[in-house]
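Chemist: Each chain, letter by letter, is given below.
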Amino acid sequence: MAASSSNAALAPRDPLDPRPLIEGVHTDRTINDSLLEHVWRGAGRGWWACFGVALSMLGLLVIAISWTLYKGIGSWGNNIPVGWAFGIINFVWWIGIGHAGTLISAILLLLQQKWRTSINRFAEAMTLFAVICALLFPLLHTGRPWFAAYWLMPYPSVQGIWPQFKSPLTWDVFAVSTYFTISLLFWYLGLVPDLAALRDSSKSKAKRIAYGIFALGWRGSGRHWAEYKWAYVLLAGLSTPLVLSVHTIVSFDFATSVLPGWHTTIFPPYFVAGAVFSGFAMVLTWMIPARQALGLKHVVTAKHLELMCKVMLATGMMVTYGYVMEHFVAWYSGDPYEYAQFFLTRQRGPMAGIYWLMIFCNCVVPQIFWTKKGRTSLPVMWGAAILINVGMWCERFNIVVTSLHRDFLPSKWENYAPTWVDISLFIGTIGLFSTLFLLFLKFVPAVAVTEVKELRHELEHDSHGPAIAAAGGTHA
Amino acid sequence: MSAGGDQGHGEGSGFVARRFVVAQFATSDGLLDGTRKVRERGHKSLDTHTPYPLHGLEEALGLGRPKIPTLVLLGAIAGACIAYGMIYYMNAFDWPINVANRPPHSPPTMVPITFELAVLLAGSSSFFGFFALAGLPKPYHPIFEAESFSRASIDGFFLSVEVPAGGDPDKVLAEVRAAGAAEAQIVTESER
Numbered sequence: 001m002a003a004s005s006s007n008a009a010l011a012p013r014d015p016l017d018p019r020p021l022i023e024g025v026h027t028d029r030t031i032n033d034s035l036l037e038h039v040w041r042g043a044g045r046g047w048w049a050c051f052g053v054a055l056s057m058l059g060l061l062v063i064a065i066s067w068t069l070y071k072g073i074g075s076w077g078n079n080i081p082v083g084w085a086f087g088i089i090n091f092v093w094w095i096g097i098g099h100a101g102t103l104i105s106a107i108l109l110l111l112q113q114k115w116r117t118s119i120n121r122f123a124e125a126m127t128l129f130a131v132i133c134a135l136l137f138p139l140l141h142t143g144r145p146w147f148a149a150y151w152l153m154p155y156p157s158v159q160g161i162w163p164q165f166k167s168p169l170t171w172d173v174f175a176v177s178t179y180f181t182i183s184l185l186f187w188y189l190g191l192v193p194d195l196a197a198l199r200d201s202s203k204s205k206a207k208r209i210a211y212g213i214f215a216l217g218w219r220g221s222g223r224h225w226a227e228y229k230w231a232y233v234l235l236a237g238l239s240t241p242l243v244l245s246v247h248t249i250v251s252f253d254f255a256t257s258v259l260p261g262w263h264t265t266i267f268p269p270y271f272v273a274g275a276v277f278s279g280f281a282m283v284l285t286w287m288i289p290a291r292q293a294l295g296l297k298h299v300v301t302a303k304h305l306e307l308m309c310k311v312m313l314a315t316g317m318m319v320t321y322g323y324v325m326e327h328f329v330a331w332y333s334g335d336p337y338e339y340a341q342f343f344l345t346r347q348r349g350p351m352a353g354i355y356w357l358m359i360f361c362n363c364v365v366p367q368i369f370w371t372k373k374g375r376t377s378l379p380v381m382w383g384a385a386i387l388i389n390v391g392m393w394c395e396r397f398n399i400v401v402t403s404l405h406r407d408f409l410p411s412k413w414e415n416y417a418p419t420w421v422d423i424s425l426f427i428g429t430i431g432l433f434s435t436l437f438l439l440f441l442k443f444v445p446a447v448a449v450t451e452v453k454e455l456r457h458e459l460e461h462d463s464h465g466p467a468i469a470a471a472g473g474t475h476a
Numbered sequence: 477m478s479a480g481g482d483q484g485h486g487e488g489s490g491f492v493a494r495r496f497v498v499a500q501f502a503t504s505d506g507l508l509d510g511t512r513k514v515r516e517r518g519h520k521s522l523d524t525h526t527p528y529p530l531h532g533l534e535e536a537l538g539l540g541r542p543k544i545p546t547l548v549l550l551g552a553i554a555g556a557c558i559a560y561g562m563i564y565y566m567n568a569f570d571w572p573i574n575v576a577n578r579p580p581h582s583p584p585t586m587v588p589i590t591f592e593l594a595v596l597l598a599g600s601s602s603f604f605g606f607f608a609l610a611g612l613p614k615p616y617h618p619i620f621e622a623e624s625f626s627r628a629s630i631d632g633f634f635l636s637v638e639v640p641a642g643g644d645p646d647k648v649l650a651e652v653r654a655a656g657a658a659e660a661q662i663v664t665e666s667e668r
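As given, the protein sequences belong to chains F and V, one line each in that order. Position one of the first sequence corresponds to residue 1 (this note's numbering), numbered consecutively onward. Position one of the second sequence corresponds to residue 477 (this note's numbering), numbered consecutively onward.
Keep in mind the hints are simulated off the structure, nothing from the lab. Please read these numbers as outputs of a predicted model, since none were measured by experiment. Note that the Cβ used here is the ideal one computed from N, Cα and C, for glycine as well. There's no promise every hint is true.
[Said to hold, decoys possible] To spell it out: a stretch of chain F is covered by chain V in this simulated footprint if at least three of its residues, at any positions, have a beta carbon under 8 Å from a beta carbon of chain V; those stretches are:
| id | segment |
| --- | --- |
| 1 | 24 to 36 |
| 2 | 153 to 165 |
| 3 | 196 to 209 |
| 4 | 240 to 247 |
[Claimed, not checked] Okay, derived cross-link-like pairs now, DSSO-like style, lysine-lysine, Cα gap no bigger than 30 Å in a straight line:
| id | chain 1 | residue 1 | chain 2 | residue 2 |
| --- | --- | --- | --- | --- |
| 5 | F | K203 | V | K614 |
| 6 | F | K205 | V | K614 |
| 7 | F | K114 | V | K543 |
| 8 | F | K207 | V | K614 |
| 9 | F | K442 | F | K203 |
| 10 | V | K543 | F | K442 |
[What the hints assert, rightly or not] Facing chain F, according to a computed beta carbon distance under 8 Å, are these residues of chain V, among others:
| id | residue |
| --- | --- |
| 11 | P529 |
| 12 | K543 |
| 13 | M566 |
| 14 | N567 |
| 15 | V595 |
| 16 | A610 |
| 17 | L649 |
| 18 | I662 |
Only chain F is shown next, with the shape it has when bound in the complex (with noise of 0.2 Å):
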């Protein structure tokens, strides 16, 4: 059934033979000379074209964010009740994306999936990129960004008192923090081999010594590599109950309020669940283009998408279950209010068109991937990928929003409308994402390089036996 397959580059050669994970036969040089390649060429006409399209995006973030500067939050379309709308809802969206990469690149290499060997590189830049758009909107929030260190940051200041650390929100601080600390460290050590490789293979003195910066006299050292494979290693150990528990922390300054909507123990798991849906869906919307353009497609084959494409229907699935439960909840427990909240206000309020587009793009959209066609053709994962992303915006929305604008008291309702100034931040950290995101293609390798190396050394000397499986500590 593989075979029929439409598109041709995706068709497996023999049905019967499990598709591999680096295609045509390589050696370490041509490994790294195909990897490296996008690096040493100039950028194309492509590449400058969507940069263009990216900076004046961003250049719309700078004119937003100076007006919220010079006017205020006033300028936000933010109201009593609906305190929280776009601001906190691209935050939780932003940071959900971030988490596919270290799911990608700590979960999965604990859980020795191979591979993630071509992908985790190229999502771990996401994280930090994705990180740092959703840094802005509660420091923006704030109003008055430059007084934000003291109003969350504990430090003795003449005011004498401390941050309240009762509040999800200080947890957040550090979560969140803590999370961009960790993936920056993680990313740069996974670079570090790669950026030597780099250096190494410079044509010009310039870009060598520029490289050799940053490789920081790397030297492919037994000794290092002994220490490196166990800093590694441990990292990613660490990263795992990490990104678990920013997910939850951020689902926990909903989770701890009472208002309907918010108030559930189940948003923990289901935030999680929701996170990697959506950060798998962002790696699939750049990644396809990406190997393209790149010439990734040797690495980053078939079986790589079809296996993220699965990822996102089991994720998917939990984000449904955890809808019908608190859809369930809400009709068992017998509260009024709940039961307002989720098959009134939601279903049928002045925003059931936001909810509607959920249930669409979350649970329907995913279901695609249960046949083997919606699992290989590109086009189609990658229009899937797209609704997903725009699904999970909508989620955010109708937690935030929805359940704010109508809460207990019919006297306190209030529509909600975003105004120019919200819907410029929102595209223009999509901007910022994407100007970073296209710096990162054309400066860094796309792929781990030294781990499909690494990969490649394997799965040749797979024949030798249990010895590579063995390595708990080793590196892919």
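Got chain F; can you put chain V on it based on the hints?
Modeler: This is chain V only, laid out in the frame that chain F set:
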């Protein structure tokens, strides 16, 4: 100045150029085998240089237990203690605030930050501990003088042996060749 230093560098700089024998092996298995053989000849300052970690490298080089896990554990303990102590001091001791009638010292609310700081310090110990143990960043190392050493990060498998002061590099060179090296050369540290 010692015999190795080619440029004089003022009075009593005390620079003694280190000498290395750098050998390239054709395959990774050859490197592991060669490393074991050279080590059995009694050389202490051995190192391998490979584009990726090889299984069995630690045994071939005769390395002891790695130090990173201990460092990470200490980092985690320190982070947890700092976080718990900080919250206790600030919210329960220095300026207790009554929040919804919870006790000032309320351990469940202290779990998240304690966990996060433990992870932060453990992860930082792993990263910075590794670079400290490895002695990196180090822009210059004599081994970079070796011809075609740039392949060590691409597809080459190298063994380097530091020649002890007063030792005969040619003798080491012969030993390395006997251990199966495809190419071998002597490099001398340059004074910078």
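Chemist: Compare the structure with each hint and give your call.
Modeler: Hint check:
Coverage of the segment 24 to 36 of chain F by chain V holds. Counting CB-CB distances below 8 Å, 4 residues qualify, and the rule asks for three or more. With a threshold of 8 Å between beta carbons, the proposed coverage of the segment 153 to 165 of chain F by chain V holds, since 7 of its residues qualify and at least three are required. Here the segment 196 to 209 of chain F counts 5 residues with a CB under 8 Å from a CB of chain V, which clears the bar of 3, and the coverage holds. Coverage of a stretch by a chain is defined here by at least three residues with a beta carbon nearer than 8 Å to that chain's beta carbons; for the segment 240 to 247 of chain F and chain V the count is 3, and the condition holds.
Restraint check for K203 of chain F and K614 of chain V: the C-alpha separation of about 22 Å stays at or below 30 Å, so the hint holds. Restraint check for K205 of chain F and K614 of chain V: the C-alpha separation of about 18 Å stays at or below 30 Å, so the hint holds. This hinted pair checks out: K114 of chain F and K543 of chain V have alpha carbons roughly 27 Å apart, not beyond 30 Å. Restraint check: the Cα-Cα separation between K207 of chain F and K614 of chain V comes to about 18 Å, which is no more than 30 Å; the hinted pair holds.
Of the pairs offered as hints, the one joining K442 of chain F and K203 of chain F holds, with about 16 Å between alpha carbons and a cut-off of 30 Å not exceeded. For the suggested pair K543 of chain V and K442 of chain F, the alpha carbons sit about 36 Å apart, so the restraint of at most 30 Å is broken. Evaluation of the P529 of chain V hint against chain F yields a held restraint, the C-beta minimum of about 4 Å falling below 8 Å. Among the interface hints, the one on K543 of chain V holds; its C-beta lies about 7 Å from the nearest C-beta in chain F, closer than the 8 Å criterion.
Interface hint at M566 of chain V: satisfied, since its Cβ lies 4 Å from the closest Cβ of chain F, which is below the 8 Å cut-off. For N567 of chain V, the shortest C-beta to C-beta distance to chain F is roughly 5 Å, which falls under 8 Å, so the interface hint holds. Nearest Cβ of chain F to the Cβ of V595 of chain V: about 5 Å, under the 8 Å cut. The hint holds. Interface hint at A610 of chain V: satisfied, since its Cβ lies 5 Å from the closest Cβ of chain F, which is below the 8 Å cut-off.
This hint is violated: L649 of chain V has a C-beta 20 Å from the nearest C-beta of chain F, more than the 8 Å allowed. About 18 Å separates the beta-carbon of I662 of chain V from the nearest beta-carbon of chain F, more than 8 Å, and the hint is not met.
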